Structure formats: structure tokens, C-alpha cells
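Novice: Please put together the full structure from these sequences, using the hints given.
Chains as they are written, first to last, in UniProt numbering: chain A, 1 to 241; chain B, 1 to 241.
Hints are computed from structural coordinates only; laboratory data are not their basis. Quantities reported herein were computed from a predicted structural model and do not represent experimental measurements. Keep in mind that the hints are not guaranteed to be accurate.
Claimed, not checked - Reference excerpt, derived from the structure (chain B facing chain A, CB under 10 Å, subset only):
(1) Ser77
(2) Gln80
(3) Ala84
(4) Arg94
(5) Ile109
(6) Leu116
(7) Thr118
(8) Ala120
(9) Thr123
(10) Thr124
(11) Pro127
(12) Pro128
(13) Ser170
(14) Met172
(15) Leu176
To be verified - Ranges between beta-carbon positions, derived for each pair:
(16) A:Asn93 with B:Pro92: 38 to 46 Å
(17) B:Gly148 with A:Gln132: 51 to 59 Å
(18) A:Glu146 with B:Pro60: 54 to 62 Å
(19) B:Arg90 with A:Leu151: 30 to 38 Å
(20) A:Ser171 with B:Asp42: 23 to 31 Å
By construction, the Cβ of each residue, glycine as well, lies at the ideal position given by its N, Cα and C atoms.
Protein chains: 2
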Amino acid sequence: MPSFTPQDLASDPPAAATDIWDQWLAPLEAADHAYVPVRVADVLRRAISAGQILPGTKLPEVKITTRLGVSRHTLRSAFQMLSADGLVDRRPNRGVFVHVPTSEDVREIYRIRLILETGAVRTTVFPPEATQQLIQITRGAERAREAGDVLAMGQANQEFHQRLVAQARSSMLDELMSKVLARMRLVFAGRLGDPDFHAAYVAGNVKLAELLSRNRREEAEEHLVNYLLSAEQDLLRRLKT
Amino acid sequence: MPSFTPQDLASDPPAAATDIWDQWLAPLEAADHAYVPVRVADVLRRAISAGQILPGTKLPEVKITTRLGVSRHTLRSAFQMLSADGLVDRRPNRGVFVHVPTSEDVREIYRIRLILETGAVRTTVFPPEATQQLIQITRGAERAREAGDVLAMGQANQEFHQRLVAQARSSMLDELMSKVLARMRLVFAGRLGDPDFHAAYVAGNVKLAELLSRNRREEAEEHLVNYLLSAEQDLLRRLKT
DNA sequence: AATCGCATATTGTTGAACAATCATGTGACC
DNA sequence: GGTCACATGATTGTTCAACAATATGCGATT
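Specialist: Here's what the structure looks like:
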């Protein structure tokens, strides 16, 4: 699975007959009624989150429009959405580039998660259905770990924490958390070749869910704080090397 | 200062020779280099936040483009930004409307503020410069109250809490807080005729700043929680009537 | 080797056009 | 008189073509 290198994609491919963009960006199938810009944004979002388009890569308008068969305006509209998601950076008169996450990004991510997730735990009561759902997700994560499915493990982990925040019952907070997790995926997609990062934290999720189900709020919060702080340190350490 | 009524703006004005849009939307001055869509968004944002365009009002594309002298594409780009800010709602194939805040919105706002602001207080240390800045803002609010400048009071209040969140040092959180406060202004701009709502809370801000400056984190947090909860109840009560 | 200037490519914005969808009003029918 | 169907008009969604403004790269000049 070759993923192409940053920057030099804008220039012609060395000797490839087929342009590299063709690999990931198929023409939009004539779908029913979803707005074209959001479908375009979805395609790009998927490709970026999956690490098929690496951080730092420039996304040239004409290349993509011709591949996708949409107008430049439509693509630009999609770019705006991706920009709002924090997946791409818009550099004036230069184009949009897949955001390159930094270690400062990682620190900010965990600062936000600390506030959001502990906030959710502290300010809301978790009904049995909610904790049950969380436990369900951890079960899936454990199965994925046993099966060696790293991707599914990561997804389960993210869903767990997304659900945690969802308990605060705020679409704005949900959106922010999605944004944060998307940037998180960007960190992984970028340089992290060691993807069983999540493995160590499945157990942490299990314990957290269990504490919440027994309504041990204080302990849950303390556990969560330690969880996040150590995850941050762990991730930063891995990125250093 | 007449503010025009929702909905029926799309139809012709009763007997006015000048179209109502002309009142607030002057043609864009040929400014230097800021992107046209963001300038358009700024104009509309200002008009909406100031209550000149009331919640529920439809924003027709051609009317505004002709008044502002920009292309439809540019306006649509601006609409996307306003939509991301939560100031307008995009109804498919119908157009964009100024968001109509509900009491559920108010509850969500305070749920978010509770998490964000207490989170900022708990997870960050407030250096003297920061607390000094907060106190400075409360001074301005008190002066505004004495001068009877309700608008300035509200702005100072909002800036105070924005600064509070800013201590968490996260641009994403800053953006979210801006979004929340923008929606707050929408609540006021809408039906709230009683604008000295903020007056009661200037004292609360003063006390909070003082507690923070003395590094009384626990008390500050407790005070903040009570502050927010009572403000929410107060606001909801006023909206009911 | 470094700098300047110019040709070229890409982005930012506009205008016109058309398809698709929604809103309106008219008339037929009960 | 009221209600439904339908035709009409208006508005939004999208594309195409064009041009201005800015950045990029290359070659000439020193």
C-alpha cells in the first residue's frame, strides 16, 4: 500500500503512467441527493484519515476536480469544510495542504480531552444504558485486540471517548471532540508506524466504564485524568523518536 | 433603530422606497487584502450579532449580493462560515436563515460553559498577568455599568469569560467559546428586551477574578459553578415570559 | 554564486447559464 | 366555500468559462 510522499505530488509523477491521484480519488458515483460538496469532502476526509494522503501534501484544485469530475467551486466548498474540521490548512493564494500535526498539537489535544472528558464525567450522570454501551464498545475493542485488528482497535477506542463526551448532550461538544479525534488520526496517519499504541489503553477504558457503571464518579475522574496524562506522555515519547 | 421582522423580509417592503437591506448592508469598501468572503461574513456577523437582522430572518442570495456588490459564490462562501459559527442555519434548497435560539440552546450553552470554564480554572494556573487582565476587564465593566452603557457591559462580560477559557491555551477551545458566546448574543438580540441582564453578574466576575488572583482554585471553581447555574436559571426565567 | 526579472501556473473572484427544488397562485372539482 | 392538482415563477445548487491577483520556477545578468 504505497502512500505518497508530501509536497512533490504537485509535480508530475516520476514515471507512473497513471497519476497518483487516480489511486484514491475515483470519480463520484452519481449518488442520490446528498450535496456534492459534502460527498467530495467525505472522499477527501476518508483518504486523509486513512493515511492515504499524507500530512503536508498539497491538494491542487484542478487535479482533484478533474479526477472527481466536479467543478472547482464545489471542491472549494468541500475544502472549506475540511478546513473547519482542521484536517487541512488553507494558505492564502497557495492552496490547501493536509495539516501537519506537531507535538504542540498533541499537547493541545490532551489539554482539550482532559477538560472535555473529565467535564463530561463530572457534570453528567451516566444512566445504565450509557455505561452498558461503553462496556459494549470495550468488548469490541478486546475482540479486535485478540484478532490483531489494529484499525478496529483504534476505532473502538475513539468511539469510546466520543461516547463519553456525548453524555454531555451537546452537539457543539460532539463536533469539537470529532475534530480532536480527527486530528489524532492525523497524528497516527503521519509518522506513527507503531500502531498498537491503543492496545495499552483498552484495559483503561474497561476500568473506566466499570467505575462509571458503579457510579464511582470521583474515582472515575481520577482514573481518567491519569489515563489521559499517561497517554499523552506515551504518545509524545513515541513521536520524539 | 428599527430592526426588521423575521420572514416577511423576503417579500417586498410595505411602502418603503429604500429596501430594508440597504440600511445595514453597505457595499463593501475596497479594502486592501482580506479575502472577500471573510469580509462579507464579517458584515453579516456584525449585523446579526447587533440584532439588526433578527433570528428567523431569511437571507436571500440575490438581495444581499446586489447590495454588497459581490458574486453569489462569494456570498455562499461567507454563508458557510456563518453556518460553521452556528449563526445561521442552512435549509437545503430553501436558503439560509438566522438561527432561532431556543431555551434548549440556552441549556446547552450553559452545559458547555460549565465544562469549559471550570475546566480552564481547574486545569490551568493563572499567572498574575492573567488575573490582572481579568480584573482590568471587570473595571471596564463597572465603569460601563455606572455610565449606563449596557452594550459595553455585555461585551466586557463576554470578554471576561472568553479570557477565562483562553487560559487553557487551545485555539480550538477559544473558537468553541466564541461560538457559544455568539449564540448567546443571538439569544439577547432576539427576544430579550431587558438588557441589563449582565449587571447582576459584574460583581460575580469581580469576585471570581479576585479568588483566582489569590490562587484560591477550589473556591473559584465553586463560585464559578454557582455563578453559571444561577445565570442559566435567571436567563431561562426571563425568556419564559 | 547570488539576485533580479519575466513567463507560467495556480488560486481568488466574477458572471452567465442551466437543472433541481421549492413557493405561489390559479382553476377545477366536490 | 373549501380542497386538491397543476402550472408558473422564484430561489437554490452546480457547472462552465473567463479574468485578475498572487506565487513559483527558470533563465539572464552581474
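Novice: Give me the numbers of the hints this structure contradicts, sorted from smallest to largest.
Specialist: 4, 11, 12, 16
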